[in-house]
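Protein chains: 2
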Amino acid sequence: MEPKKIFDLSVEIKTNMPCWPTNPLVRVDPIGLLARDGYTVEKYESVTHTGTHIDAPYHMIDNGTTVDRIPLTQLAGPGYCIRPQYDGDEIHADALKKIWKREYDGKIILVNTGWDKKRGYTKEFQYEFPGFSYDAVDFLLEHKPKVLGIDTLGIDPYSHADFGVHKALLAKNMAFIEDLTNLDLLEEGKEYFVVALPLKLYGASGSMARVIAMEF
Amino acid sequence: MEPKKIFDLSVEIKTNMPCWPTNPLVRVDPIGLLARDGYTVEKYESVTHTGTHIDAPYHMIDNGTTVDRIPLTQLAGPGYCIRPQYDGDEIHADALKKIWKREYDGKIILVNTGWDKKRGYTKEFQYEFPGFSYDAVDFLLEHKPKVLGIDTLGIDPYSHADFGVHKALLAKNMAFIEDLTNLDLLEEGKEYFVVALPLKLYGASGSMARVIAMEF
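Protein sequence lines, in the order shown, are assigned to chains A and B.
Quick note on the numbering used here: the first sequence kicks off at 1 and runs consecutively.
Quick note on the numbering used here: the second sequence kicks off at 217 and runs consecutively.
Next up, chain A with everything else stripped away, as it sits in the complex (with noise of 0.2 Å):
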């Protein structure tokens, strides 16, 4: 079983590289170089919450599942683009509403913004770029993703202070992917193998991962 085909959806990570904007900033240093010491390696320094990771309902739940407890059987399956309009630095319900279909329920969900392509030290991209209205709060409980993805640096729109859906979400046990690229790769509607997966970190709210969606 070789996949046919295989999108990589992580940013790449690097020193200094734009993450939320309060965040501190990313640092891979080298500490060992080839030519002096006779192997390369690289100290890693970041929030866990940087470039495309993973959030836990530990994020901003009491008690929640932290995310080396967040179950494999919801980081890899079936999974689906989809391309909701937005209004301001809204997803509305309507939206989604218009063009979810049966099959996506309890399954991947990766929203495509196209926000990705903006990335940089710019005000737009750190802090107006679109998420979730409390309104697509009830219309993703009913409809049940096992994990939801999205191209920017948030589920909420930074405008949301409360991070209200956020909080909605997890509290119902659901992960989120943050900051994904490359999505405007996929076809909106079709079924994809998604494997999306942070790293170990024991007892963490969050973590930096490798997201990919493959087509067999």
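Among the hints, erroneous ones may be present.
Said to hold, decoys possible - No more than 25 Å apart at the CA atoms, straight line, and that leaves these computed lysine to any residue pairs for SDA-like:
{"id": "1", "chain 1": "B", "residue 1": "K221", "chain 2": "A", "residue 2": "P78"}
{"id": "2", "chain 1": "A", "residue 1": "K190", "chain 2": "A", "residue 2": "E124"}
{"id": "3", "chain 1": "B", "residue 1": "K230", "chain 2": "A", "residue 2": "E188"}
{"id": "4", "chain 1": "B", "residue 1": "K230", "chain 2": "A", "residue 2": "R69"}
{"id": "5", "chain 1": "B", "residue 1": "K406", "chain 2": "A", "residue 2": "T73"}
{"id": "6", "chain 1": "B", "residue 1": "K220", "chain 2": "A", "residue 2": "L148"}
{"id": "7", "chain 1": "B", "residue 1": "K221", "chain 2": "A", "residue 2": "Y39"}
{"id": "8", "chain 1": "B", "residue 1": "K383", "chain 2": "B", "residue 2": "Q342"}
{"id": "9", "chain 1": "A", "residue 1": "K118", "chain 2": "A", "residue 2": "G38"}
{"id": "10", "chain 1": "B", "residue 1": "K388", "chain 2": "B", "residue 2": "D351"}
{"id": "11", "chain 1": "B", "residue 1": "K406", "chain 2": "B", "residue 2": "R318"}
{"id": "12", "chain 1": "B", "residue 1": "K259", "chain 2": "B", "residue 2": "D224"}
{"id": "13", "chain 1": "A", "residue 1": "K14", "chain 2": "A", "residue 2": "I82"}
{"id": "14", "chain 1": "A", "residue 1": "K43", "chain 2": "B", "residue 2": "A309"}
{"id": "15", "chain 1": "B", "residue 1": "K339", "chain 2": "B", "residue 2": "K259"}
{"id": "16", "chain 1": "B", "residue 1": "K360", "chain 2": "A", "residue 2": "F216"}
{"id": "17", "chain 1": "B", "residue 1": "K259", "chain 2": "A", "residue 2": "T15"}
{"id": "18", "chain 1": "A", "residue 1": "K190", "chain 2": "A", "residue 2": "I82"}
{"id": "19", "chain 1": "A", "residue 1": "K43", "chain 2": "B", "residue 2": "N389"}
{"id": "20", "chain 1": "B", "residue 1": "K388", "chain 2": "B", "residue 2": "I247"}
{"id": "21", "chain 1": "A", "residue 1": "K43", "chain 2": "B", "residue 2": "P237"}
{"id": "22", "chain 1": "A", "residue 1": "K172", "chain 2": "B", "residue 2": "D224"}
{"id": "23", "chain 1": "B", "residue 1": "K339", "chain 2": "B", "residue 2": "K406"}
{"id": "24", "chain 1": "A", "residue 1": "K43", "chain 2": "B", "residue 2": "I247"}
{"id": "25", "chain 1": "A", "residue 1": "K107", "chain 2": "B", "residue 2": "K221"}
{"id": "26", "chain 1": "B", "residue 1": "K221", "chain 2": "A", "residue 2": "P71"}
{"id": "27", "chain 1": "A", "residue 1": "K117", "chain 2": "B", "residue 2": "P287"}
{"id": "28", "chain 1": "A", "residue 1": "K117", "chain 2": "A", "residue 2": "S159"}
{"id": "29", "chain 1": "B", "residue 1": "K339", "chain 2": "A", "residue 2": "G38"}
{"id": "30", "chain 1": "B", "residue 1": "K333", "chain 2": "B", "residue 2": "H376"}
{"id": "31", "chain 1": "A", "residue 1": "K43", "chain 2": "B", "residue 2": "D278"}
{"id": "32", "chain 1": "B", "residue 1": "K383", "chain 2": "B", "residue 2": "F432"}
{"id": "33", "chain 1": "B", "residue 1": "K388", "chain 2": "A", "residue 2": "E2"}
{"id": "34", "chain 1": "A", "residue 1": "K5", "chain 2": "B", "residue 2": "F223"}
{"id": "35", "chain 1": "A", "residue 1": "K101", "chain 2": "A", "residue 2": "L148"}
{"id": "36", "chain 1": "A", "residue 1": "K101", "chain 2": "A", "residue 2": "G38"}
{"id": "37", "chain 1": "A", "residue 1": "K14", "chain 2": "B", "residue 2": "G280"}
{"id": "38", "chain 1": "B", "residue 1": "K259", "chain 2": "B", "residue 2": "L249"}
{"id": "39", "chain 1": "A", "residue 1": "K167", "chain 2": "B", "residue 2": "Y255"}
Think of the hints as simulated: they come from the structure by calculation, not from any bench.
Once you have looked at the hints, place chain B on chain A.
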């Protein structure tokens, strides 16, 4: 296409866990706490070759492939677990010849030594683990596994101060997974669908990874 079963082959990453003896230790430190800050988030710090991780050719080869450039087709595909005998701290070519099957050629090969069960700050776990002998290199190159994995701290035993096996295989553009766990749960010689995903660390010699094996 839902996997029937998923095996997690990755060790838990936590502060001060045992890793390669001379490496700086891992730190996972909360820097945001729900009850205090409204969300939980951690700072993560380690070398790139910590816990279950992937060595890219650049680790020991001038201008070798960096971990972010390892083709995903090498990191996801059919894989097998094998349990070769070892003699002292070396798995010799003869031991591989004895158990090798034609279907292993070109696939992901995970080597179960059982060493992961000894994890701890002991001389035995950290310095006496088995790895491939120099004479195993020709055998492996001839059968070209896409990726090799092992449940010890190194593909060379620690006694190989010259990292001869690493260098010979990395020079041929192979990649390795080191410090795997739970390989005892896999049946020897049975085909699994293996996905080994390092973080996409730009220009790095390796990365912490999450590795799973699936049954369909």
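How the hints compare with the structure:
1. Distance check on the hinted pair: K221 (chain B) and P78 (chain A) sit about 14 Å apart at the alpha-carbon level, within 25 Å; holds.
2. Simply put, K190 (chain A) and E124 (chain A) have alpha-carbon atoms about 30 Å apart, too far for the 25 Å limit, and the pair is violated.
3. A hinted pair counts as satisfied when its Cα atoms are at most 25 Å apart, and K230 (chain B) with E188 (chain A) does not qualify at roughly 39 Å.
4. Among the hinted pairs, K230 (chain B) with R69 (chain A) is consistent with the structure: their alpha-carbon atoms are about 14 Å apart, no more than 25 Å.
5. Simply put, K406 (chain B) and T73 (chain A) have alpha-carbon atoms about 21 Å apart, close enough for the 25 Å limit, and the pair holds.
6. With a C-alpha separation of about 22 Å, the suggested pair K220 (chain B) and L148 (chain A) falls inside the 25 Å cut-off, and the hint holds.
7. Distance check on the hinted pair: K221 (chain B) and Y39 (chain A) sit about 38 Å apart at the alpha-carbon level, beyond 25 Å; violated.
8. A threshold of 25 Å between alpha carbons decides the hint, and for K383 (chain B) with Q342 (chain B) the separation of about 21 Å falls inside it, so the pair holds.
9. A threshold of 25 Å between alpha carbons decides the hint, and for K118 (chain A) with G38 (chain A) the separation of about 39 Å lies outside it, so the pair is violated.
10. Using a Cα cut-off of 25 Å, the hinted pair K388 (chain B) and D351 (chain B) holds, with the two alpha carbons roughly 16 Å apart.
11. Only pairs whose Cα atoms come within 25 Å are accepted, and K406 (chain B) paired with R318 (chain B) is accepted, the gap being roughly 13 Å.
12. Distance restraint check for K259 (chain B) and D224 (chain B): the Cα-Cα separation of roughly 24 Å lies within the 25 Å cut-off, and the hinted pair is therefore satisfied.
13. This hinted pair does not check out: K14 (chain A) and I82 (chain A) have alpha carbons roughly 28 Å apart, beyond 25 Å.
14. At roughly 35 Å between alpha-carbon atoms, K43 (chain A) and A309 (chain B) are farther apart than 25 Å, so this suggested pair is violated.
15. About 30 Å separates the Cα atoms of K339 (chain B) and K259 (chain B), which puts this hinted pair outside 25 Å; it is violated.
16. Annotation: proposed proximity of K360 (chain B) to F216 (chain A) holds, straight-line Cα distance about 23 Å (limit 25 Å).
17. Of the supplied pair hints, the one linking K259 (chain B) and T15 (chain A) holds, its CA atoms being roughly 15 Å apart against a limit of 25 Å.
18. Between K190 (chain A) and I82 (chain A) the alpha-carbon distance is near 9 Å, which keeps this suggested pair within the 25 Å criterion.
19. Only pairs whose Cα atoms come within 25 Å are accepted, and K43 (chain A) paired with N389 (chain B) is accepted, the gap being roughly 23 Å.
20. Of the supplied pair hints, the one linking K388 (chain B) and I247 (chain B) is violated, its CA atoms being roughly 42 Å apart against a limit of 25 Å.
21. For the given pair, K43 (chain A) sits about 15 Å from P237 (chain B) by alpha-carbon distance, which is consistent with the 25 Å threshold.
22. With a C-alpha separation of about 24 Å, the suggested pair K172 (chain A) and D224 (chain B) falls inside the 25 Å cut-off, and the hint holds.
23. Between K339 (chain B) and K406 (chain B) the CA atoms are separated by roughly 34 Å; this puts the pair beyond 25 Å, and the hint is violated.
24. About 19 Å separates the Cα atoms of K43 (chain A) and I247 (chain B), which keeps this hinted pair within 25 Å; it holds.
25. Pair hint K107 (chain A) plus K221 (chain B) holds up; C-alpha atoms about 17 Å apart against a cutoff of 25 Å.
26. Straight-line distance between C-alpha atoms of K221 (chain B) and P71 (chain A) comes to about 11 Å, which keeps the hinted pair within the 25 Å bound.
27. With a C-alpha separation of about 23 Å, the suggested pairing of K117 (chain A) with P287 (chain B) holds against the 25 Å cut-off.
28. Between K117 (chain A) and S159 (chain A) the CA atoms are separated by roughly 20 Å; this keeps the pair inside 25 Å, and the hint holds.
29. Among the hinted pairs, K339 (chain B) with G38 (chain A) is consistent with the structure: their alpha-carbon atoms are about 24 Å apart, no more than 25 Å.
30. Using a Cα cut-off of 25 Å, the hinted pair K333 (chain B) and H376 (chain B) holds, with the two alpha carbons roughly 22 Å apart.
31. A threshold of 25 Å between alpha carbons decides the hint, and for K43 (chain A) with D278 (chain B) the separation of about 19 Å falls inside it, so the pair holds.
32. Proposed proximity of K383 (chain B) and F432 (chain B) is contradicted: the alpha carbons are some 35 Å apart, above 25 Å.
33. Only pairs whose Cα atoms come within 25 Å are accepted, and K388 (chain B) paired with E2 (chain A) is accepted, the gap being roughly 22 Å.
34. Straight-line distance between C-alpha atoms of K5 (chain A) and F223 (chain B) comes to about 23 Å, which keeps the hinted pair within the 25 Å bound.
35. Under the criterion of a C-alpha separation no larger than 25 Å, the hint pairing K101 (chain A) with L148 (chain A) is consistent with the structure, at around 15 Å.
36. Straight-line distance between C-alpha atoms of K101 (chain A) and G38 (chain A) comes to about 55 Å, which puts the hinted pair past the 25 Å bound.
37. Between K14 (chain A) and G280 (chain B) the CA atoms are separated by roughly 18 Å; this keeps the pair inside 25 Å, and the hint holds.
38. A distance of roughly 12 Å separates the Cα atoms of K259 (chain B) and L249 (chain B); the hinted pair therefore holds under the 25 Å criterion.
39. Of the pairs offered as hints, the one joining K167 (chain A) and Y255 (chain B) holds, with about 10 Å between alpha carbons and a cut-off of 25 Å not exceeded.
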